[in-house]
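Asker: Chains F and U, in that order, are what the protein sequence lines are. For the first sequence, the positions run 1270 to 1533 when this note's numbering is used. For the second sequence, the positions run 1270 to 1533 when this note's numbering is used.
These aren't lab readings, by the way, just hints derived from the structure by calculation. Please note that the accuracy of each hint is not assured.
If several chains are the same, the list does not tell them apart, and a pair holds so long as it fits within one copy or across any two.
In silico DSS-like cross-links for lysine-lysine, where the CA-CA straight-line distance does not exceed 30 Å [stated by the list, open to error]: (1) K1518 <-> K1413; (2) K1487 <-> K1368; (3) K1504 <-> K1368; (4) K1450 <-> K1485; (5) K1520 <-> K1413.
These numbers come from a predicted model, not from an experiment.
There are 2 protein chains.
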Amino acid sequence: MNNQSFSSTKGCLYLVPTPLDFGCEDLTPIQEVMPLGSLQIASQLEYWITENAKSTRAFLNRVHPICPLKSALQELNIQVLPRAVHKQGDHTSAKTDQKATLELLKPALAGHNVGLCSEAGMPAIADPGSSFVRLAHDLGIEVKPLVGPISLMLALAASGLNGQNFAFIGYLPVPAADRLKRMEGLQNLALQTGQTQIVIETPYRNEALMQAFIEKLKPNIRLSISSGLTLSSMKTTSQLISQWRQLPKLKASELPTVFCFGPG
Amino acid sequence: MNNQSFSSTKGCLYLVPTPLDFGCEDLTPIQEVMPLGSLQIASQLEYWITENAKSTRAFLNRVHPICPLKSALQELNIQVLPRAVHKQGDHTSAKTDQKATLELLKPALAGHNVGLCSEAGMPAIADPGSSFVRLAHDLGIEVKPLVGPISLMLALAASGLNGQNFAFIGYLPVPAADRLKRMEGLQNLALQTGQTQIVIETPYRNEALMQAFIEKLKPNIRLSISSGLTLSSMKTTSQLISQWRQLPKLKASELPTVFCFGPG
Chain F
1270 MNNQSFSSTK GCLYLVPTPL DFGCEDLTPI QEVMPLGSLQ IASQLEYWIT ENAKSTRAFL
1330 NRVHPICPLK SALQELNIQV LPRAVHKQGD HTSAKTDQKA TLELLKPALA GHNVGLCSEA
1390 GMPAIADPGS SFVRLAHDLG IEVKPLVGPI SLMLALAASG LNGQNFAFIG YLPVPAADRL
1450 KRMEGLQNLA LQTGQTQIVI ETPYRNEALM QAFIEKLKPN IRLSISSGLT LSSMKTTSQL
1510 ISQWRQLPKL KASELPTVFC FGPG
Chain U
1270 MNNQSFSSTK GCLYLVPTPL DFGCEDLTPI QEVMPLGSLQ IASQLEYWIT ENAKSTRAFL
1330 NRVHPICPLK SALQELNIQV LPRAVHKQGD HTSAKTDQKA TLELLKPALA GHNVGLCSEA
1390 GMPAIADPGS SFVRLAHDLG IEVKPLVGPI SLMLALAASG LNGQNFAFIG YLPVPAADRL
1450 KRMEGLQNLA LQTGQTQIVI ETPYRNEALM QAFIEKLKPN IRLSISSGLT LSSMKTTSQL
1510 ISQWRQLPKL KASELPTVFC FGPG
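Please model the complete structure; the sequences and the hints are all you need to start from.
Answerer: Written as structure tokens, this is what we have:
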């Protein structure tokens, strides 16, 4: 912490995306998937709010050879999101601990720029972080999103499905009956409105979700499955359910995967 | 065209995002908003399908000083999307001219990598292009999306609204009565499900849409307006409708703008 901690001007909250190869063996050179502008800003930040301190340190270790960090890693102030937010998400005020949120934003009030990041991809999209962004606005702290990889949109573009009306739903319920009911509801919505539906799953359940889609969706629905986005093994398979059913049985990837479906 | 035009291996269809400063005076250095990996791949492509040939040439002129183009600009094969697709979008098969689409993908069948791009941002998201992606899948052409700026997601992350359940709706109807009805329908959906609603507008109507939201949405709805994303003048204002109503009357930006709203 420097001696100008309390300035009359507030700092910014930067939303810093991180590569999508978190937890993968196949690491992409960071400058291939992140713009220099984003790496440059990240390298200058001394205050961080993050889903996971270890993954943020690993990220900054990859930034350093491209854009040298302003302060050594061990001197950075890296604060972890409160556990409740981390586990349940923070998109409803009921789940937000306002006091803990305010505490983490104090450096911004004192004039420091603060970085918000998650383990992979864009913070606050399919990831926690939104309560910090809301509170930053309420405190008059400027919020600046930086460019980086966003798996949901890479998958949507690669699907060939409607990108002019789409919804991200998150996870489907795990119990089979609840899952089927939700799947049918989303299929009806997609057929009535043309809206592409985007869902994700924890990797070890990808196979079960893929089989449920192939078995239960209507033959004229297009299902697109994108795995390993931005990795060298990146693959999108997009075809009608009737075609999925004719194929020799594919096995779903155990890499992070995005599922999109809608009228074919 | 080189002498190996007909190879036994098909080319890839690369989805190439472009900077968001299309038509703006304030051009961002391209390497600040696009990863080198995306620029490198774009620089090697000799076949392009695009919304607008002039803007694609301008894009490639900005790529060249960072990653030299494989072939001179005037030697590139740049094909423009059929006018019907351009005007109406191509996310329903009724609107797609299959023959014209197939013609533009022939270089990929002949073994060349082909780039698909729009005027700004990610092709096939809030932009035409999806019919080419669908047909590429049907022809067994591999589809690879590249990382770049996507205004909808920058705006969503910066809004502080729910990023774990959201929908992009496109444009609201222009006639006041139809617009109000649609707005109220989306507001009900947002309140019932927590789903953030994302809409866009043609810049000269930003002011009218902003005033309609402030006047007609419920006081406890959060409205976030992001303009000039990735530009130096980038600005996100996110607050409850009750707060928007108390403010001295703001004027909407005439830059490209994304509107997000949902439970506050």
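Asker: For each hint, tell me whether it holds in the structure or not.
Answerer: Taking the hints in turn, this is what the structure says about them:
no., hint, verdict
1, K1518 <-> K1413, "between (45 Å within a copy, 23 Å between copies)"
2, K1487 <-> K1368, "between (48 Å within a copy, 27 Å between copies)"
3, K1504 <-> K1368, "between (43 Å within a copy, 27 Å between copies)"
4, K1450 <-> K1485, "within (10 Å within a copy, 34 Å between copies)"
5, K1520 <-> K1413, "between (40 Å within a copy, 20 Å between copies)"
Every hint, counting from the list given before, is met by this structure.
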